[in-house]
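Starting from the known structure of chain F, fit chain U onto it as the hints suggest.
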Amino acid sequence: MSKWSTLLSRSFLESNARERAVGLVDEGTFTEFAGPFDRRTSPHLEVLGEAVEFDDGIVTGVGRIGKTPVFVISQEGRFIGGAVGEVGGAKMVGTIKAAIDFADRIAKDFPNAADEEKPIVAISFETGGVRLHEANAGLLAHAEVMDQFQRARGKVPVISLIGSKVGCFGGMGFVAAATDVVVMSEFGRLGLTGPEVIEQEMGKDEFDSADRALVYRTTGGRHKYVMGDCNFLVEDTVAGFRAQLSELAKLPRSEFEALRRIGSEKLVEKQLEGVALAAELQPKDARDVWVHAGNPDPVSLAMAPVPQFRETVKRLAL
Amino acid sequence: MESLIGQGRTAIELICDPDSFAEGSVGAKTFADPDFGPGAVVGTAKLDGKPVTVIANDADAFNEKFPVVYAGVIGMEEGYKMAQAVYATIAADADAPKENKRAIVLIVDTPGNGPGKVEEIFGMNKATGAYQLALAEARYTGHPIVAMVIGRAISGAFLCHGLQADQILSLDSDFGTMIHVMPLTSISRIVKKDMETLEKLAESNPVFAAGPRFFSRLGGVEEIVTNIDDMRATIIRHVGEVRAAKLAGKEDTLGPWGRGALGAERGGRVVRPEVLKLVADEFAAVSGKYLPGAALEGAA
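Protein chains in written order, with our numbering: chain F, 1 to 318; chain U, 319 to 618.
Extracted from the complex, chain F is given alone in its bound form (with noise of 0.2 Å):
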C-alpha cells in the first residue's frame, strides 16, 4: 500500500478497497475489522473450488475525520465483482450494527458529546450485489443490512461513496439509495438492473449494454445528481469523496434526514410525482430528462467539466 498522503491524489476510480478505506479517513486511525490476517474466507466459495480473498473482498474498520468516529466499508470489485456472501455480507452487517452500539455507548457515557464526536457510517460500494456460488446467504445479507439501516436512522446517518468500476447495482442498488446520503464522481453508476441484465431481459433494442456512453448516461453520477438520487457529485479522487465526507461529518445530525430520498411517506409521494413525470415524459434517454429539467443543451452539460457542471446545470425539482 502507498503512502497515506500520496492515495488522496489517487483517482477514486483507479484506488482498491483497501486504499479507499484508509485514504477516506485520517492518517493512522484506521483500524480494519475481520481483515486478512484473520482469513475469514469464504468456506462457500473453497466448496465451489473458486480462489478465496482472505478479506473475502470487502475492506471493513473504523478510522478518525478530525473528532468523528467514522466505520468504514469499502467493497472490492476486483474480487468476483464485488459481489456480497456470507462473510463479506456478515463483516457489513457487523460493522454498521458496532456503529449503532457505539452511539448508543457514547449517548450513555457521554451525554453532552457534540454531534461531530458522534459515529458516522461509509460505504464506498463497489458491486452487483448477491454472489451468486453463495446466493441465498448472500440474498438474506442484503436484507439484515437494510434492518440495520432502519435501526441507525436518526443516530448514525450512513453515507454511500459511488466511484468505482464495477458501479452499484443489483441489491446494493437499492441499499445504497436507502443510505441517508449518497456521494458519486461523474465515474460512479448506481441503478437496479445493471445493464447487461436489462439488455438480456428487454433486447438490444431497449438497452444495447454495449454501449458505454448510454449505461454512463443512463446510471452515471451526473444523471443521479440531476435526478436528486445523488446529494453530492465530486472530483474523481480520493480526496474528492474525503472532503466531502469530512463536511458530512461536521453536520449536525439532525440535518441528515432532510438529504435523503426516501424513507418516509412524504419522501414516497415526492418520488412518485417523478414517477408520474416517467410516465407522461416516457424518454427514450436520460437526457429528455435534463432537457425537461431546464438544460436545453445536455450534450454541452455531459462535457463540462465536474465543477461547471454543477455549477450550472439544473436539478429535476419535483
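Not one of these hints is a red herring.
Here are the simulated DSS-like cross-link-like pairs (lysine-lysine), alpha carbons at most 30 Å apart as the crow flies: (1) F:270 x U:383; (2) F:67 x F:3; (3) U:368 x F:266.
Here are the computed distance ranges between Cβ atoms for each label pair: (4) F:281 x U:565: 46 to 52 Å; (5) U:584 x F:115: 40 to 46 Å; (6) F:317 x U:418: 38 to 44 Å; (7) U:336 x F:250: 56 to 62 Å; (8) F:154 x U:584: 30 to 36 Å; (9) U:610 x F:258: 21 to 27 Å; (10) F:296 x U:611: 49 to 55 Å; (11) U:380 x F:250: 46 to 52 Å.
Some chain U residues near chain F, calculated using beta-carbon distances under 7 Å: (12) 438; (13) 448; (14) 474; (15) 597.
Treat the hints as calculated values from the structure; they're not laboratory data.
None of the values given here were measured: they were computed from a predicted structure.
In this text, a Cβ means the ideal position worked out from N, Cα and C, and glycines have one as well.
For chain U alone, kept in the frame of chain F given last:
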C-alpha cells in the same frame, strides 16, 4: 399438484376471514385510481376477527404506463404503492398500544423488480428501497409482519416484498413455490460447475440451491406450510407469536436479524455469527481510541 402461482387474490380469500377484504383502502388512505400500480394489491381485511393490512402481487395486471410490469413484477408505482400502504398502516394505529397494532400480511408471488431503461433513468432502486424501509419501520413500530410465499419469491423482488417481514412462511415446493436468486441451471453456467456436482453439494450446503427447503435451513424461511388449507391457521399462529415476542421486548428474535440466529441454529449459516463476533471483538479492543475526548492519534 395444485399451485397458487399467479393467484394472489385467491390466496387473500383463502387466508383472510370470508369476504372481509376491502381492496384499495388502508386506514385513512384510499387507492382510488385502478391504473396506479396495478401489479400491487393493497387493502384491509380481517384475520381471525382483527383488522390486517394485506399486500400482494397481481400476476394478471399489466401496467400500461410501465410495460415492464406484468406477471407480478414490482415496478416503480407498485413499490411506492406498497410503501404507501405500509405508512398508512402505521398512521392508522399511531395511537394504538403495541398489543393492538394491526398485523401486515405479505402474500408473495413476484418474479422480479421492473427492469428497463425508464426504470433506471428514474431510479427503480428507490422504489424497492422505499418499500423495505417502510416495512422495517412498521416492524420496529410494533406491527407484526408475516410473509407467506405462495409462488415466486425471486431475488431482489423477495428482498423487496418478503425479507423485511418479522417471520416468513412458504408453501412447500410441491406447490411450485420458488425462492432463489437464480435457478440452479443459471448458477451452474455462471460458476462453471455441472448440475450434478452442484446438486450433490447442495445436499450438504444449502447456500446456493433454489427452493424453500434450502432457505428454511438457512433460517431465511421460518416455517414450511405443507397444505394450502393450513396457510390461514399458520399465519394466525405466527402473528400471535410475533406479537408476543414484541410485547416481551424480543424484537431481536424477529426479522432479518432473528433469521440470522435461526440460520445458525439450523446449521445453514454458521460462519455469519463467527464473523459478527470477530468484528464486535476487534472493535471492542480499540473502541476507547474512538470515544469523545480520546487523544487524537495520527498526524494529518
